[in-house]
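Protein chains: 6
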Amino acid sequence: MHIRIINPNTTASMTAAMHQAAQHQAATSTTVTATQPDAGPVSIESHFDEAISAVGVAEEVLKGEREGNIDAYVVACFGDPGLLAARELTRAPVIGIAEAAFHLATLVSTRFSIVTTLGRTGIIAEHLLEQYGFRHHCRRIRAAEIPVLDLEHHPDAAFKRIVEECCRARDEDGIGAIVLGCGGMAGLTAEISREVGLPVIEGVSAALKLAESLVSLGLHTSKHGDLDYPRPKAFTGTFSELSNLHFPLTR
Amino acid sequence: MHIRIINPNTTASMTAAMHQAAQHQAATSTTVTATQPDAGPVSIESHFDEAISAVGVAEEVLKGEREGNIDAYVVACFGDPGLLAARELTRAPVIGIAEAAFHLATLVSTRFSIVTTLGRTGIIAEHLLEQYGFRHHCRRIRAAEIPVLDLEHHPDAAFKRIVEECCRARDEDGIGAIVLGCGGMAGLTAEISREVGLPVIEGVSAALKLAESLVSLGLHTSKHGDLDYPRPKAFTGTFSELSNLHFPLTR
Amino acid sequence: MHIRIINPNTTASMTAAMHQAAQHQAATSTTVTATQPDAGPVSIESHFDEAISAVGVAEEVLKGEREGNIDAYVVACFGDPGLLAARELTRAPVIGIAEAAFHLATLVSTRFSIVTTLGRTGIIAEHLLEQYGFRHHCRRIRAAEIPVLDLEHHPDAAFKRIVEECCRARDEDGIGAIVLGCGGMAGLTAEISREVGLPVIEGVSAALKLAESLVSLGLHTSKHGDLDYPRPKAFTGTFSELSNLHFPLTR
Amino acid sequence: MHIRIINPNTTASMTAAMHQAAQHQAATSTTVTATQPDAGPVSIESHFDEAISAVGVAEEVLKGEREGNIDAYVVACFGDPGLLAARELTRAPVIGIAEAAFHLATLVSTRFSIVTTLGRTGIIAEHLLEQYGFRHHCRRIRAAEIPVLDLEHHPDAAFKRIVEECCRARDEDGIGAIVLGCGGMAGLTAEISREVGLPVIEGVSAALKLAESLVSLGLHTSKHGDLDYPRPKAFTGTFSELSNLHFPLTR
Amino acid sequence: MHIRIINPNTTASMTAAMHQAAQHQAATSTTVTATQPDAGPVSIESHFDEAISAVGVAEEVLKGEREGNIDAYVVACFGDPGLLAARELTRAPVIGIAEAAFHLATLVSTRFSIVTTLGRTGIIAEHLLEQYGFRHHCRRIRAAEIPVLDLEHHPDAAFKRIVEECCRARDEDGIGAIVLGCGGMAGLTAEISREVGLPVIEGVSAALKLAESLVSLGLHTSKHGDLDYPRPKAFTGTFSELSNLHFPLTR
Amino acid sequence: MHIRIINPNTTASMTAAMHQAAQHQAATSTTVTATQPDAGPVSIESHFDEAISAVGVAEEVLKGEREGNIDAYVVACFGDPGLLAARELTRAPVIGIAEAAFHLATLVSTRFSIVTTLGRTGIIAEHLLEQYGFRHHCRRIRAAEIPVLDLEHHPDAAFKRIVEECCRARDEDGIGAIVLGCGGMAGLTAEISREVGLPVIEGVSAALKLAESLVSLGLHTSKHGDLDYPRPKAFTGTFSELSNLHFPLTR
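Chains as they are written, first to last, in the numbering used here: chain A, 1 to 251; chain B, 1 to 251; chain C, 1 to 251; chain D, 1 to 251; chain E, 1 to 251; chain F, 1 to 251.
Read the hints as simulated data drawn from the structure, not as lab findings. Every residue, glycine too, gets a C-beta built ideally from N, C-alpha and C. Honestly, I wouldn't trust all of these hints.
Stated by the list, open to error - Covered, in the sense of this in silico footprint (three residues per stretch, anywhere, with C-beta under 8 Å from a C-beta of chain E), are these stretches of chain F:
| # | stretch |
| --- | --- |
| 1 | 69–81 |
| 2 | 104–111 |
| 3 | 131–138 |
| 4 | 200–213 |
| 5 | 217–230 |
Sequences are here, hints too, so could you generate the full structure?
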């Protein structure tokens, strides 16, 4: 089984860290590869960053489909950018790390809180909770107020801030579990969990396991109805290479 | 990894069928065992049946905890009877087959329908959809109007009725996937899926994979807050053996 | 008119206290009897306790049906354990004390808070609020953090804690009424209300009056659709006495 | 105990019919009186009719308060016109017949449908269901498409149409009970129920019993917070008599 | 284009202030007139005040319809009293200032808070948010706890209190915009906005622009379905002038 | 006032048609310009098309900001692609045509239906309804099942299909208004409305008027909180021109 992690931002070190976190959790029979778009933001901290990154996500899925041996994809940014677009492009399962973390959190607790990087991205999580159905399972969205790349550049200070906020969530929110709201925290999960003493769910590994699960079960993204392959059509300008795609690409 | 399937009803042939379905999907490194309560209804088709069966579910978890080598439990009846009670009794993950099927259905489609056995159990599914957050992801709950045990006794007629209803769901409901609303349908999934041409999600195998996922990730049922072990106390009469349980039982 | 209070736990003194509270409120033409299961937990403070107690509730309804002269039942534990199962077993109305308190609270105020015993049971109330439709009418669920039986064993300290929490609810929550979240508080209602100066709604008496109301109106539990009598079937083991019940039992 | 039925429309024969229906259901110790505004619409079939009638409701409550011996009020039009305004004017409980019917319907069934007079009033019921929390308990709002006064002038034809629609609700909606969506149907409840074979809930008698219940329990409309007595102030023109009311009026 | 502002209370100075605020914002081609009921409360601070004022609103719309040259109406009290009734009486658009402010607030921010006069009116706003669909867009309803007429009589103190509360909303609520919860604040908007540094939305001008928009677009209040003209019928007593209205009045 | 219509697809004839529709409705003092991305899909009929088009929307807003004289933007595709991203890039109001149509529809009716092009895009509208709060105001999403460009290439057949579906909505859905679910229908609105006899709301003109309204009122996109300008950062590859943008661009 081959699972492709797509880091929607273009910071290679973050791709590597998430690759490692995923590989660490993968079944022995699973091959995990990781990639990132050729073009896009180095971190995703706004709707704008997210919109740009969604193109990269779609293009990485198209690349993967042309490679032809990928069984599932993980979209490894907590806003799940381009998730439904990606699902349209392939029969393979595509899992977002936010949705993955939410799903698993509800299986080990009745209510959870999210601890994310910047407060301004809270609304993205809030919209996802609404769309996915988990609005009432999440008690609170908390921000450590650290830029995403501080997780790379100032890991110790970032870790400290995240743990502080997780402890507040544990003590004040009436929850049973914490969801980490950034793919860049993937490598810290075990340590945070140890400090906080609660189940701490991180999306990259959660998504990997859900992807493995779906592949094992032979479940593919539905091509009946609204996730069907996009109708072939013309794209103009720098996107003209997307014109007249005939799906499935690898057939 | 050792996963225990608990069939909440007491029909051994159904336990065996679900055991087989689960084993068929389990990772090679996973041991799957299956069990059923000593006492309870032979099938679960009402709130009453479900209430009685929840006791059996709890007792099977207690047995499992005393065995001491079980990593996760699956509650294998579509109403998820006794699920939260079971979670209180153990640090191991406990997954219901209804929740498992709902979760996976939302990962491969935007909207799904449920095809269940008897119409009267639809309200049970409806309440679960509300509690879990999937009310708007489920377009319709459909019933084949066959008693649960007909799946054992009249499999061909039952299969035909289920496929008919699945086809109606596919053609009329505006969905991308179908959730099978009874553990007893576990063995039929592949064949139904072939007839209907949609992703068909069945809860036993779905729950098995979610259980494997949580165990792999080291995620346990939260003991912080409302799923903490029950406080030890006296139980009277035929339930006196439940008195003063000190958790974790195996420590 | 004969109304049967079923205390889902097995503490006789609590049954007696709730019996007295109900009798105090009953119409002169109403006979109130009270009972408790032969087997089960002495108090209900978890999903596990609740699951076990639901069996006792069902069995007490079956007993009542065999007696043949009971016009309505009250399930007198704030989690409404086994309520829908109980409704299936009889044409008589069956009222839970949580639902009763919620209904009446919305008739005398626009928003209410709940003051319950242990924080861990808050999630049970929360799920009921969702299922019944009152999520937005309840501003907050507060816990006095006293075990249920302290209401019996340390009544003064318990009363003090409850009043404190009620006063906080009154002053901080923006509410018009308080719902007491435990049947064991039934005897304290008048006194609490006096201390707090708000309408304080307690479920046992609330349920009694709703039961009287339904009986007076000739309204019975619907036997059309999903609350119909359970289909007769085999039960095994210690539950074999439940096999092949033909409803209504008293016909 | 003295309960005052306020018919928000000005058709005396309808007041009499509802009075009779209420009296028929009242406890022997309950005195039921009925009244109607001096001014207002002869029937209520639109938001406009309802807005005008709310003034009459408020004035009737003020009259009642000046009489000084009324223990509870029933607002006997299915749109519950002026209900929250009425509650502000008195410590006595005030019950609307729509809310009353909804509450009781959820106690004897899991899901209900409404059968009302004109389709155009469906939106009024829909808004009430949302506000009260019962949106998901009501499967469908059906209209017999008969003007309200036809219940008085063409009772047989009206009865026939209502029963037809109730039967459709029973057969098509997946429900356990029917709520009659007009106070004018109060006298027909028993007969409709007999024809349809389901619990049929009518609001006037439902509200009467809820009012009796609250009075028995000593529960009054909360004067803490948003249902407190209105602040005394000037009213101009034909409403100048409402100026500087000091509540409670009867003290 | 002729837009009529209806002040539902009877304080002429407030009508004048709102008229001025509206005129200030109107297109040059728009004529704005303002009126107030002949009879009713001098301010609206309760459900009771609101119920009385709704009659005045309806009567002002009827007057406007008889004048025959009015293109749209604004109901200028934050509870939107009588809004749906008013819509029934005319094909012209009718806009409430609460709804107008909510709509525009969601166009410039993802989440907003309301700052209103008295805390007791918060429930009115809450019910409107629910009915209109904006419950989750509003983070908090805050009250400056000043009576409405203090906006006229003690403008400086009132302004200070409102700004204080707006600043708290800005700093504590996680919002992007503030909705002013009283028509009487219309004249203060610019100044408050300057103090607070956030988009501050006030309903009178918001409603004016929405009304202009609908008229420009040729959109009228739907007469198909539940906002159709009321059926002509008899009204009694002081409301007898409303009898047998045939709509449209001006045709 | 200068309002810029951004057609998110790259079909110039559709840009022109929407430009014309907008200009037709604009105030005389409003300058309307229209544009389309240099690169992207010729029509938007899937999540994938939408994801690609969002980049074009963002780039067109950046262009507009550099031009420096644009007062508001309209995103003229019914899925509102890139709307929140666009809002981050500017203080000017940015209005989506789906949201605009929904808002105005609720002002002239209590319930509406949507008639869109392809059924597969219904889920996009459904997600927007949920996010914006209008889920319960929309009775049904209907599709004429015509590709978007058929509106250009086969206008007569497309018109006929749309009118047919609108008539069904009018006759079957219990609605008061219809929302047209594609910017490409902008030119047909008046004619459709005439055929159907209901208020028909089309988003381009609706958004134009809302944009004019916000500009008139001096309301800008909030820069406090989650719609603040994106943090400057590096973008790589073909998106490198987006690196280190300092907002506001034109200052």
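State the violated hints by number, sorted upward, taking the hints as numbered earlier in the document. Violated: hint 1 alone.
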